[in-house]
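Chemist: Residue-level listing of the chains:
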Amino acid sequence: MLTPEPCAIACDGRILACDARTAARGVAPGLALTAACALVPHLAVRPRDPAGETEALLGLAAWATQFTPSVALEFPDARFPHAQLSSTHTLVLEIEASLKLFGGTAPILATARRELAAMGFTARIASAPTAKSAVWLARAGREVALDPARLATGLADLPLRLLDCGADTCAALAAIGASTIGDLLRLPRDGVARRFGRHLLDEIDRALGRLPDPRTFFTPPPRFHARLDLAAEVTQAEMLLFAARRLVVQLAGFLAARSGGVQRLALQLFHRETHATEVAIGLVAPSRDAEHFTRLLRERLDTLGLRAPVRAIALVAENIVPLAGEPLALFGDGGETGGNGGTGDWAKLVERLRARLGAAAVHGVATAAEHRPERATRQVEPVAAERRRLPPRLPSRAAALRSAGTGVRPFWLLAQPRPLEEIGAVPHHGGPLVLLAGPERIESGWWDGGDVARDYFIAETRDHAVVWVFRERRAPGGWFLHGLFA
Amino acid sequence: MLPEYAELHCLTNFTFLRGASHPEELVGRAAALGYAALAVTDECSLAGVVRAHIAAKDAGLKLIAGSELLLEDGPKLVLLAQSRAGYGNLAELVTRGRRNAEKGRYRLMRADLDGGLADCLALLVPGAEAPASPAAPHPLLADAHWLAERFSGRAWIAAELLCGPDDRAALARLRALARESGLPLVAAGDVHMHVRLRRRLQDVLTAIRLGRPVRACGHALHPNAERSLRMRVRLAQTYPAELLAETLRVAERCGFSLDALRYEYPEELVPPGETPASHLRKLTEAGLTWRFPGGVPERVRALIEHELALLAELRYEPYFLTVHDIVRFARDRGILCQGRGSAANSAVCYCLGITEVDPARMSMLFERFVSRERDEPPDIDVDFEHQRREEVIQHIYAKYGRDRAALTATVITYRAKSAVRDVGRALGLELPQVDRLASSLAWWDGRKALPDRLREAGFDPASPVIAQLVALVGMLIGFPRHLSQHTGGFVIARDRLSRLVPIENAAMPDRSVIQWDKDDLDALGLLKVDVLALGMLSAIRHALAMVSACRGAPFTIADVPPEDPGVYEMVSRADTVGVFQIESRAQMSMLPRLRPACFFDLVIEVAIVRPGPIQGGMVHPYLRRRQGLEPVTYPSEAVRSVLSRTLGVPIFQEQVMALAVVAAGFTPGEADRLRRAMAAWRRKGGLEPFEQRLKEGMRARGYGEDFADQIYRQILGFGEYGFPESHSASFALLVYVSAWLKRYEPAAFCAALLNSQPMGFYAPAQLVQDARRHHVEVRPVDVTASAWDCSLEPGAPAPALRLGMRMVKGLPQAAAERIVGAREAQPFASVDDLARRAALDRRALKCLAAADALAALAGHRRMAYWHVAGVETAPHLLRDAPFLEAAPALAAPSEGERLVADYGSLGLTLGRHPLALLRPRLARMRLATAAEIQAMPHGRIARAAGIVTGRQRPDTASGVVFVTLEDETGCVNVIVWRSLSSRQRRELLGARLLGVYGTVEREGEVVHLVARRLADHSDLLGRLAARSRDFH
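If you're matching them up, the sequences are chains A and B in order.
Residue numbering for the first sequence follows our numbering, starting at 1 and increasing by one per position.
Residue numbering for the second sequence follows our numbering, starting at 1 and increasing by one per position.
A few of these clues could be false.
Said to hold, decoys possible - Covered, in the sense of this in silico footprint (three residues per stretch, anywhere, with C-beta under 8 Å from a C-beta of chain B), are these stretches of chain A: (1) 94-106; (2) 167-180; (3) 188-197; (4) 439-446.
Unchecked claim - A partial selection of chain A residues facing chain B, derived with a Cβ cut-off under 7 Å: (5) V45; (6) E233; (7) H371.
Treat the hints as calculated values from the structure; they're not laboratory data.
Using N, Cα and C, we set each Cβ at its ideal position, and we do this for glycine too.
With these hints in hand, go ahead and build the complete structure from the sequences.
Modeler: Okay, here's the thing in structure tokens:
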């Protein structure tokens, strides 16, 4: 993380990790956040992002598969939420089968170290004859390559806290003066088992290779990527669509096999000379409907001017989400007119409008609880699920009493209030206005710099149109037209 | 011509997080606008009404007491008290609503008003509801009928026209409602603030109430600032004249003033056939015989007669009887107690056993504290042992019942820190930012400091959000936030207390509090008895009990020999760790200079090291005069009469007031008003009229401008922190008794202090260190010898102190008591035997192992842990059969490890001081010991290091921090000036082992090390857990 200020990551009011500048001022993981802030006044504090951490580790696991298909992950132990990041996120690689290919342990470690550094990660790397011993060595910061003969001696002076045996057991062991694996092994085995359980000894036995230590290996996440080289260079969108259709079907099959859907896909167009063009498609809701995908692609390709002839295409889809079985064909053939008015058709209509007009031009409208009229509505994503939602139950009488009712609002609100001429204290809009109701005073919005102080009136123009006007309460004052009633 | 108007619906900030103005502000504004009357109608509360009443009296405004209520199954109402009876009914209704709900809420139903509240007027408060169609009836019609039935001829519909969407239409609907229901309309304002400018604060309060940022509050915010006290010219434009005129008719029917409240004393304390006066005389006579077995001195007899006559005249006997009853209860239970306060040091109180301060010892005049002129109840605070005060409180509830006795409220107000936190959140700052801001204000409060602190915390005070925050925080500070219970102020009534003031639930179960605080009670002249908790009384009782047991005869406070020179010699050396009141750093540095030599010197010592005398600049003149460096002079004979006992320097609060009388011509009543104003000026200001009056009075009596200025400065200094002689005298007695115990019974004294923790300035480690320095043998916690409490064991030449199992962190008292019980049956054979017979679970066993309390059974700590881990605690068929198992030969822990473990479990060690272990290293760093520093001459450049055992930042010492460093030879007293503390904040606040480079300052025996540079050597300590008591 690069920030101009010293920075740290906090979790539950404690420092979890910090950068070098912060550490230099006395902050260390585990310190209370308030204490850290007292030490480093300008400390930029970020909350912990467990999802981000997981994503990063998964990415690294995928990267690690270059060394061996057998990659296992160890995530932070929920029992120790404040443990240092570096000692909790662990990748375990079984490299025995890859040694020949890479020419031994050293080249693998060197490559890993180099590439991890290039990716901006700090890592501690150790290798040992068993998975567990390698993990412990790495967590202990012993970046060694241990050969089988020295396994037992190499582990003897490792601290017992590396074993995931819980803080209580660790403390109990420390209390009798056993702080390393060697110390523990020197105690009477029966006595230890009776006091602290077999688990501890089993762990050590796994590390020493006396007990098996099976692991679940990482499987790369599903991702759809299919490429099609075109027989001849294509210059027409319609022809591309025909070719793309083959990949779309493939995608639909891929998704169906996984009971999944996607909300985003991309068609890549490869040209001879220039780099590829990407046509990205976003959906309102996840889907695996091939017809639907095709229609959306058609809309986009129709409006897309091809920069250059296309030699090959590829369809890419990531982030596959679970999607229950969907009756694909039942309403899907309803056609472009969308006869039955179901939500699916409505969603498709929105997508097609957006494909033609651009995403920004089409949006939904929702009311916002705001006194300032210009902020009482807001743009929202068109939501397909429900077009109209009733409150789950009517508010209680007491609540109704407390919430002040808002007044009548015009259907059409001007984007900007328009100043009105004032003649003899009477506002004019194509002639003098007759004030029908008001003033409704609105003074609100100071917190975002948009404070208003206005007296609103409903007024009638000379040609009997009803308008909404206000008098500015602050200097220099004046009358403004703000809305038109239908 | 402006219309007359009375505002009938107005919330103060005692409707927490709704009202945005103080009662005083509302009253002041209403008076300035020329309102005919103002009703204070806080939501189900009368908490703000006394303040409003006082302000209204000053402003000459008519005040109406009332309350806004939202019925759970009905409409919103405003109820107004017409008379004393109506007020009582309203107070009872509010009590019912509050008692029916958790703290801070209320719950009232239509049924609660079924009888109609007699002698009260009712306003129906419509919201924004409108009929579904023009033809449909108004939604409130049924409510209006309901109200009209119950409040026939005394109910109105409030027309609150607040520039809503269409006021004209709203008014038309209300007129229709009035017509159909037969209830008249009256104008009202739903006032939430005294001026429009409070709108932002009002929005912020809404946001705090809802727990969201302002921007997310939507329609919960008021649309405009109309809910303020509006100018009458605007009211005239807004309302039809007849609705405004109606407000006056409503106001006229409310004839009740809080002045009509009279306190009625409980009656049952007087036996049949006696009057309060005759009964008090009987008790006093009995006390005289008890106190003066050898015959009553003539002077005391005269004093008694004088006091009884005065009490009879003022009819205060029932108050003294009430206090006497409480004290007698405590005495019967063996609970140590001591009265103090304005009336406590009278001869009558001495005879009643309320105080131990012998009137023959003192020369205070009773009249000074109970005056003829001031028609107000006397004030007696009674301190009880802090560990047993609850028994006294429950006695009061049991004796008088919850209807008649309740605790006084303490109004918790916004401080800088809480205001920053709440406003910050309301403005939508991120939580870490808000916390950072708030915590950087933790120790250094104050409005002036705010911009600096903001900058330090990394915020730009000039940015709009921060500027807004600063402005809002400034307004919010001092706002009441909630009612809490006073530490012990009881109000006891003759009949139902809830007819005097509403009672609500406290956060603690079994407690109830009234809605008024002590200032409110004071202002109305209502009686209260302070039942306070004092740790030192617990300690003294423990110590006396141990001394009694050792001597084989009862030993009480009265048996402590008075005026012992050895005690004063010890006190003059500032050898006072653990002694009541005079153990703080500030007190300790004063003692060698003041060199107390008699009881009255202790009274002065207690009073002089206070912010009042210090800020008033009285300390140095007094010391110089005492040391004979400056002549004792008086500007006049009159002043001499007031100040002669204190060498011409005012030290007690009473003296300052007496000065106002003799030097400026105040009447005693005026002087008392001055005292009240003094107590409040920092919060409210308002001393200026007194300043003028005081200075003019002194000029007129021929005193110089300098003298007048000096007296006024002293009054300001005393304002917040003045300490009355009456309190000092009671405290001084405890000072003397505790100092005597420390001097002659150091083991018992230390054990008693340990058994009374937490209390005082020092942690157990320092108390034990101090005892050992005084040659007390301290023995470790041991399951084969210790009780729960620390105790005395025979020893030579003096009794030894055995640490009790209460010192063991985490060990439950019940477990310790089982250990003692099982041990008495038969000594323990092993850890297993102990676990079995004392039924200890593994947790308790581990605690004992951690404390090294199993040494006699298992050997060193590691062995103890090994045994404890091996104990089978689950029920087991063969549990009683001993386990045959070889014990491993575990190496003994190192001295350092033992030390860390000792501190971890006990908070102290009986082994070597941690710094003794580090001394070779420290010596290489050329750091001197405390003993060496103590021996250095003035001005020597020196460096020292020690464990930080205390950081004190007295309010009196502008930004100076006193740090106490402890090493194996004693303590170093370090002074850190503000410039250094801001530069080396991290070392100052963070270091556990602190190195100080500085200069020795010596004044007689008082030695300080004035720091020039600080160094954090905490890394040398490793995991050693040193505890510091920070910032008293």
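Chemist: Hints first: check each against the structure and report whether it holds.
Modeler: Right, here's what the structure says about each hint:
1. Counting residues of the segment 94-106 of chain A whose C-beta sits closer than 8 Å to any C-beta of chain B gives 0, which falls short of three, so the coverage hint is violated.
2. Check on the segment 167-180 of chain A: 4 of its residues sit with their Cβ under 8 Å from a Cβ of chain B, so the three-residue criterion for coverage holds.
3. A count of 6 residues in the segment 188-197 of chain A with a Cβ less than 8 Å from any Cβ of chain B is obtained; the coverage claim is therefore met, three being the minimum.
4. Only when three residues or more bring their CB closer than 8 Å to a CB of chain B does the claim for the segment 439-446 of chain A stand; here the count is 7, and the claim holds.
5. Contact between V45 (chain A) and chain B, as hinted, is supported at the beta carbon level, the nearest pair being about 4 Å apart and thus within 7 Å.
6. Checking E233 (chain A) against chain B by beta carbon gives a least distance of about 55 Å; that is not within 7 Å, so the hint is violated.
7. Among the interface hints, the one on H371 (chain A) holds; its C-beta lies about 4 Å from the nearest C-beta in chain B, closer than the 7 Å criterion.
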